[in-house]
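J.: Here the structure of chain A is known, so what remains is to put chain B in place on it, guided by the hints.
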Amino acid sequence: MSKAKRIQPSEIRPAPRAAGKVLDAQLHLLDRQMLDVDGVPVSTVDDVELSGPEPDERIPESAPAPHITALLTGPVLGTRIFGGRPPSSRLIRIPWRVVAGVDTVITLGVRSDSLDASWVERWLRNHVIARIPGGRHDP
Amino acid sequence: MKRLLGVALGILTAIGGFVDIGDLVTNAVVGSRFGMSLAWVVVIGVVGICLFANMSGRVAAVSGRATFEVIRERMGPRAGLANLGASFLINLMTVTAEIGGIALALQLASGVAYMLWVPFALLAVWLVIWRVKFSIMENVTGLVGLTLVVFAVALFLLKPDWGSLAAQALSPSVPGEESTGTYWYYAIALFGAAMTPYEVFFFSSGAVEERWKVKDLVQSRINVLLGFPLGGFLSLAIAACAAVVLLPAGISVTTLSQVVLPVAQAGGQLALAVLILGIVAATFGAALETTLSSGYTLAQYFGWPWGKFRRPAAASRFHVAMMVVLLAGVAVLATGVDPILVTEYSVVFSAIALPLTYLPILIVANDPQYMGKHVNGRAVNVAGLVYLVIILVASIAAIPLMIASGAGA
Numbered sequence: 000m001s002k003a004k005r006i007q008p009s010e011i012r013p014a015p016r017a018a019g020k021v022l023d024a025q026l027h028l029l030d031r032q033m034l035d036v037d038g039v040p041v042s043t044v045d046d047v048e049l050s051g052p053e054p055d056e057r058i059p060e061s062a063p064a065p066h067i068t069a070l071l072t073g074p075v076l077g078t079r080i081f082g083g084r085p086p087s088s089r090l091i092r093i094p095w096r097v098v099a100g101v102d103t104v105i106t107l108g109v110r111s112d113s114l115d116a117s118w119v120e121r122w123l124r125n126h127v128i129a130r131i132p133g134g135r136h137d138p
Numbered sequence: 000m001k002r003l004l005g006v007a008l009g010i011l012t013a014i015g016g017f018v019d020i021g022d023l024v025t026n027a028v029v030g031s032r033f034g035m036s037l038a039w040v041v042v043i044g045v046v047g048i049c050l051f052a053n054m055s056g057r058v059a060a061v062s063g064r065a066t067f068e069v070i071r072e073r074m075g076p077r078a079g080l081a082n083l084g085a086s087f088l089i090n091l092m093t094v095t096a097e098i099g100g101i102a103l104a105l106q107l108a109s110g111v112a113y114m115l116w117v118p119f120a121l122l123a124v125w126l127v128i129w130r131v132k133f134s135i136m137e138n139v140t141g142l143v144g145l146t147l148v149v150f151a152v153a154l155f156l157l158k159p160d161w162g163s164l165a166a167q168a169l170s171p172s173v174p175g176e177e178s179t180g181t182y183w184y185y186a187i188a189l190f191g192a193a194m195t196p197y198e199v200f201f202f203s204s205g206a207v208e209e210r211w212k213v214k215d216l217v218q219s220r221i222n223v224l225l226g227f228p229l230g231g232f233l234s235l236a237i238a239a240c241a242a243v244v245l246l247p248a249g250i251s252v253t254t255l256s257q258v259v260l261p262v263a264q265a266g267g268q269l270a271l272a273v274l275i276l277g278i279v280a281a282t283f284g285a286a287l288e289t290t291l292s293s294g295y296t297l298a299q300y301f302g303w304p305w306g307k308f309r310r311p312a313a314a315s316r317f318h319v320a321m322m323v324v325l326l327a328g329v330a331v332l333a334t335g336v337d338p339i340l341v342t343e344y345s346v347v348f349s350a351i352a353l354p355l356t357y358l359p360i361l362i363v364a365n366d367p368q369y370m371g372k373h374v375n376g377r378a379v380n381v382a383g384l385v386y387l388v389i390i391l392v393a394s395i396a397a398i399p400l401m402i403a404s405g406a407g408a
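Protein chains in written order, with numbering that gives the first Met the number 0: chain A, 0 to 138; chain B, 0 to 408.
Isolated chain A, as found in the complex (with noise of 0.2 Å):
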């Protein structure tokens, strides 16, 4: 999208100052473990999705500021390092509201085998690790 087509609004207010712990997307969020209720590494955040406006969209006065929806992870990696956006429909979401905590790492309130963002793990225990003898038992 070219400069000159960007809509400006006509007057930037200065953002409303947040209550409550305020987190850095960068710092605190991208790139942090993320573990299940149980304590069992879920995922890495490997993007965030907002709410809000799209590109070239004209923000009404009143419009509610952007919230984060869901933390993303699978294949969008590819598009952080490489550049590029994938189709919405491909992105693999981990919903906000089942966020329980933001440390050093990212807890949620849900189980690990309840969320789309666990698939492979489960594919390949499925159909490889617990087919192998003594895959279910441990060392």
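It should be emphasised that the hints constitute simulated quantities derived from the structure, not laboratory data. One or more of the hints may lead you astray.
Unchecked claim - Pairs of lysine to aspartate or glutamate residues, derived as DMTMM-like cross-links and limited to a Cα-Cα distance of at most 25 Å, are as follows: (1) B:LYS132 / A:ASP37; (2) B:LYS372 / A:ASP137; (3) B:LYS132 / B:GLU209; (4) A:LYS20 / A:GLU56; (5) B:LYS212 / A:ASP137; (6) A:LYS20 / B:ASP366; (7) B:LYS372 / A:ASP23; (8) B:LYS372 / B:GLU209; (9) B:LYS212 / A:ASP55.
T.: Coordinates of chain B only, in the frame set by chain A:
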């Protein structure tokens, strides 16, 4: 008493676990060509690995985060991926070299061609990774690897001229028949062999595997600060044996049988048998460590469940990745490439990738969000920065020196 035993066991396994095929071959090659004139590099390398292994162990114990998770978080996905690629490739080379080393040692013991031992070694390594408890795996290979002390015993039996060995070590100079470029190339190879990045990945992930907490830090520090330097002494003994026997005879090391020659000459068949046992244990232990390390790095970058404390079914991608790595290593060996050559290249490539591993550890060890009050002290930071400069210089100089010296030819 139990605590004391734990400390003793930790030190012994650190000694036995320090030496791998890279140290064995590089030290013997260097001893046979340069005498003890590169001993100072081993000392610098050992101090460095103590410094950073200790730091990464502390990060893992305090924050519960293993090294590669930290690398991705702090360097971002792009630099992290570059690092992952480099580390993974080096790990793969090292796995290949270690499995080749097991097979070569078994060939020495049996006379059966090493290629026939490779599938056996592969299966044994995989079975241990699949079924054996982490602590048992660590302690058994470390303790049996301790038999490599026979190098030090052999050195005494050879009755060398200690004065001239010490003179070579204390006032290093490039031997007349070698070029300066080759000397520095091998200096970097020795440095890479002592500071191989997989040791740090393994050490920090092992701390998570064994659920270290802050109160275990003292013990880990003792293990590192006593075990690694004593392991370094073993490295020097290997080089000294080669310097006493092989250098005067004009033999430059290209096979494992030449590495063991001084010990066989000094101690006869019994010493040789003990040594082969030690080499098998050391390379086997290192094969386990490198295979696990390649699984750890991948799993930690992508955030998969990992670790031997989980059932394999609860860390399926981790275990599949390690199977693929082992098969890839064996596929490389199946081409008939000389495992000793793979080893020599793997230590130099390790040296090239060193800054990628050690910089993020230093950064995170200073981050109060992870470390609380256990952040680095000033002295450790100064030492860490000095080492980063050394590491960076070695890393940048490695490729030009490799080309200039024809890879040490």
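J.: Against each hint, give a clear statement of whether it holds in the structure.
T.: To see whether the hints hold, each was checked on the structure:
| no. | hint | verdict |
| --- | --- | --- |
| 1 | B:LYS132 / A:ASP37 | 22 Å, holds |
| 2 | B:LYS372 / A:ASP137 | 36 Å, violated |
| 3 | B:LYS132 / B:GLU209 | 10 Å, holds |
| 4 | A:LYS20 / A:GLU56 | 30 Å, violated |
| 5 | B:LYS212 / A:ASP137 | 23 Å, holds |
| 6 | A:LYS20 / B:ASP366 | 19 Å, holds |
| 7 | B:LYS372 / A:ASP23 | 23 Å, holds |
| 8 | B:LYS372 / B:GLU209 | 22 Å, holds |
| 9 | B:LYS212 / A:ASP55 | 52 Å, violated |
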